[in-house]
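Here is how the chains run, residue by residue.
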Amino acid sequence: MARRTLIQLLTTLVYNGNLSGFWQGKIYQGATKRACLPGLNCYSCPGALGACPIGSLQSSLAGTILRFPFYVLGLLLIFGLLCGRMICGWFCPFGFFQDLLHKIPSPKIAKNNFTKRLTALKYFIALLFVIVLPIGYYLTIGVGVPTFCKFICPAGTLEAGLPLTLANPALRSGLGGLFVWKVLLLALLVVTAVVIYRPFCRFICPLGAWYSLYNKLAKYGITVDEAKCIHCQACIKTCQMDCTVVGDRECINCGKCRQVCPTQAIHFKK
Amino acid sequence: MKKLLWFLALALLVCGLYNREYLLVWQKAMLICLECVGIG
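Chains A and B are the protein sequences, given in the same order.
The first sequence runs 0 to 269 under numbering that gives the first Met the number 0.
The second sequence runs 0 to 39 under numbering that gives the first Met the number 0.
These are computed hints drawn from the structure, not numbers from a lab.
Here a beta-carbon is modelled for each residue, glycine too, at the ideal position from N, C-alpha and C.
Treat each hint with caution, since some may be false.
Claimed, not checked - Within a straight-line C-alpha distance of at most 20 Å, the following computed SDA-like cross-link-like pairs (lysine to any residue) qualify:
(1) A:K218 / A:K269
(2) A:K269 / B:K1
(3) A:K218 / A:L80
(4) A:K218 / A:A264
(5) A:K215 / B:L33
(6) A:K215 / A:E225
(7) A:K218 / B:L9
(8) A:K255 / A:D224
(9) A:K215 / A:V189
(10) A:K25 / B:M0
(11) A:K218 / B:L33
(12) A:K268 / B:V13
(13) A:K268 / B:L33
(14) A:K218 / B:A10
(15) B:K1 / A:F267
(16) B:K2 / B:V13
(17) B:K2 / A:E225
(18) A:K107 / A:V189
Claimed, not checked - Here are some chain B residues pointing at chain A (derived, C-beta under 8 Å):
(19) W5
(20) L12
(21) G15
(22) E34
Please model the complete structure; the sequences and the hints are all you need to start from.
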């Protein structure tokens, strides 16, 4: 097993170590949930030992009162400055799920000019569904609504919605149109991820959008030794994300480009 | 720029800890999020 796959698997298990929650249909309530995890992992997953940073950001920003989310923003900034989108490539369970789906044999759609343009969508979704709409709900009805979790997040459906409703009959009685919508979105994403590499990370994920801002500044991640680079573009040709330069905002630091670089110009920062 | 961002990150975190915002995160994370499940 490749080193990155092993780390992704271990990360998924560590994030979701409360295994008994899956058959009890209950979520973990311990003190570790005071901290946000760096990757996208729903806090209502029965196994989750930590909080989801995107869910926490929405609820801290506009929950029962409107406030500036110092704690969650501070953590998100530290995660970004430490690893940037290396978190997407190595420490995100939902990214790992999409990596596994893409291994299923099928015709594949490679990156192209359209997918490169579509990467801008995640910034729009982050701004609208994580900031503007939760605040808008608070200002109009007096209570913030975590609109990204409610209307979009397929990680929530996969990790919380499906296991909890399977194991907990009380929750099944409350299911309706919203659940159907979320399951359809998840199904669409699953099918798309088989054909297109990491569609959620590339086009939708607000966490990826945030971390992309720090990719160049991050302490850890991939970099190019310009003195050794011969500009053959082998790295960009092998990259499955929408990178135009190694280590740019779309780079998840997976390291596939290192294996094809003829001059070993690409390496991880130490 | 990097040092300034690190300073900002730590300042935000300290302010958040001082305000006990981790308890808000915990309160949300310890209860089943009906929006995440698709009920809320």
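Hints, one by one, checked against the model:
Proposed proximity of K218 (chain A) and K269 (chain A) is supported: the alpha carbons are some 8 Å apart, at most 20 Å. Taking the CA atoms of K269 (chain A) and K1 (chain B), the gap is near 17 Å; set against the 20 Å cutoff, the hint holds. The suggested pairing of K218 (chain A) with L80 (chain A) holds, with an alpha-carbon distance near 6 Å, which does not exceed 20 Å. Between K218 (chain A) and A264 (chain A), the direct Cα distance comes to roughly 18 Å. Compliance with the 20 Å bound is thereby established for this hinted pair.
This hinted pair does not check out: K215 (chain A) and L33 (chain B) have alpha carbons roughly 37 Å apart, beyond 20 Å. Using a Cα cut-off of 20 Å, the hinted pair K215 (chain A) and E225 (chain A) holds, with the two alpha carbons roughly 15 Å apart. With a C-alpha separation of about 15 Å, the suggested pair K218 (chain A) and L9 (chain B) falls inside the 20 Å cut-off, and the hint holds. Note on K255 (chain A) and D224 (chain A): the hinted pairing holds, with a Cα-Cα distance of about 16 Å set against a maximum of 20 Å.
A hinted pair counts as satisfied when its Cα atoms are at most 20 Å apart, and K215 (chain A) with V189 (chain A) does not qualify at roughly 30 Å. With a C-alpha separation of about 44 Å, the suggested pairing of K25 (chain A) with M0 (chain B) is violated against the 20 Å cut-off. Using a Cα cut-off of 20 Å, the hinted pair K218 (chain A) and L33 (chain B) is violated, with the two alpha carbons roughly 37 Å apart. A C-alpha spacing of about 28 Å is found between K268 (chain A) and V13 (chain B), which places the hinted pair above 20 Å, so the restraint is violated.
A threshold of 20 Å between alpha carbons decides the hint, and for K268 (chain A) with L33 (chain B) the separation of about 41 Å lies outside it, so the pair is violated. In summary, the hint linking K218 (chain A) to A10 (chain B) is supported, as the alpha carbons are separated by about 19 Å, within the 20 Å threshold. Our distance criterion of 20 Å between C-alpha atoms is met by K1 (chain B) and F267 (chain A), whose separation comes to about 19 Å. This hinted pair checks out: K2 (chain B) and V13 (chain B) have alpha carbons roughly 16 Å apart, not beyond 20 Å.
Distance check on the hinted pair: K2 (chain B) and E225 (chain A) sit about 24 Å apart at the alpha-carbon level, beyond 20 Å; violated. A C-alpha spacing of about 14 Å is found between K107 (chain A) and V189 (chain A), which places the hinted pair at or below 20 Å, so the restraint holds. Because the closest C-beta pair between W5 (chain B) and chain A is about 6 Å apart, less than 8 Å, the hint holds. Look at L12 (chain B): its Cβ gets to within about 3 Å of chain A, closer than 8 Å, so that hint holds up.
The closest approach between the C-beta of G15 (chain B) and any C-beta of chain A is roughly 3 Å, which is under the 8 Å cut-off, so the hint is satisfied. Checking E34 (chain B) against chain A by beta carbon gives a least distance of about 4 Å; that is within 8 Å, so the hint holds.
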